[in-house]
Amino acid sequence: MSISMVICKPAKPFLEDVPGRLDLGPLIPPREREKVVVILGATGTGKSRLSIDIASRFPAEIVNSDKMQVYQGLNVVTNKVTEEEKCGVPHHLLGNICPDADFTAGDFCGLASVAVDSISARGQHPIIVGGSNSYVEALVSDPSFHFRSRYECCFLWVDVAMPVLHSFVSERVDRMVGKGLVEEVGKVFDTNADYSRGIKRAIGVPELDLYFRTEKFLDENNRKRLLEDAIAEIKYNTCKLACRQLGKIHRLRNFKRWNVHRLDATQVFQKQGAEADEAWRQLVIEPSTSIVAEFLYGATKYAPAKALIPRALSTVSGRVLA
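Going by the numbering used here, the residue at position 308 of the sequence shown is 308; the numbering climbs one at a time, nothing skipped.
What the hints contain is simulated information worked out from the structure, not anything from laboratory work. Owing to the predicted nature of the structure, the values given are computational and were not obtained by experimental measurement. Just to be clear, a hint being listed does not mean it is correct.
[As the list claims (entries may be wrong)] Below, simulated DSBU-like cross-link-like pairs (lysine-lysine); rule was C-alpha separation at most 30 Å, straight line:
# : residue 1 : residue 2
1 : K271      : K179
2 : K187      : K224
3 : K240      : K187
4 : K179      : K240
5 : K248      : K235
Please work from the sequences and hints to get the whole structure.
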């Protein structure tokens, strides 16, 4: 399954120069709290793609909440978005923490609060996105940060049926290996590495430890077998991560009573090329754009989501933003 990444123009004011736009100014009600969009989902479901899609349709900036993507380096291993894929949308807390730092949920809450405050002060809407639901929960629920008293949240959940997602995640690991995952880890390999802290906790690093420790002592066949075993372990651990993330989302929705809007993207991952892109538009972009427009502007009547898509779209195939 291949989903192309939309290459869009840098974010402009909401609905500016878009055919069929509707002036929502008179519909914007006075409000005491600023508004934040939060995108949840298991690894590989398209959270980053959706965040950029939304930020390209509304005046918004993105705050990363993935606990591995906050660190500098290992861009392939952590699947960070590239500058091209950002589409000119500003990103915060993405690749700017020292790789060896012990970055905690409390650290995230402090820096994320500053980022969200700064974005809102500039008249933009913060979009928090990432797979680390414990970070998001700490930010939203911890009374120490008074987040709920200052911000109202709209939660979007990109969901994909687990059997379909597991198959996709396995294929994605193979593509990451093809893009240089093994070589990237080899450059930072350390025989004294501590895999309990910093970026070395990222899936894809500890699994390759034995391979790099022993490769020079093995013949070609045994090296190949050991590498295949390491890659299989990366796939297995990534699927386990997806299951844990899904469980946390269900807990936030069912026990914490978060009002989470579920977007079922399963059919997107069962299609190829242009059909997958069209399914993404119909099943994810259109409903999420409608939800966000109503959340931000209180609009009950507005132009169809299709009219919000920028003109002259082009695509780059083979890349899925998680």
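Verification of the supplied hints:
no.: 1; hint: K271 <-> K179; in the structure: holds (23 Å)
no.: 2; hint: K187 <-> K224; in the structure: holds (19 Å)
no.: 3; hint: K240 <-> K187; in the structure: holds (26 Å)
no.: 4; hint: K179 <-> K240; in the structure: holds (23 Å)
no.: 5; hint: K248 <-> K235; in the structure: holds (20 Å)
This entry satisfies every hint, going by the numbered hints stated previously.
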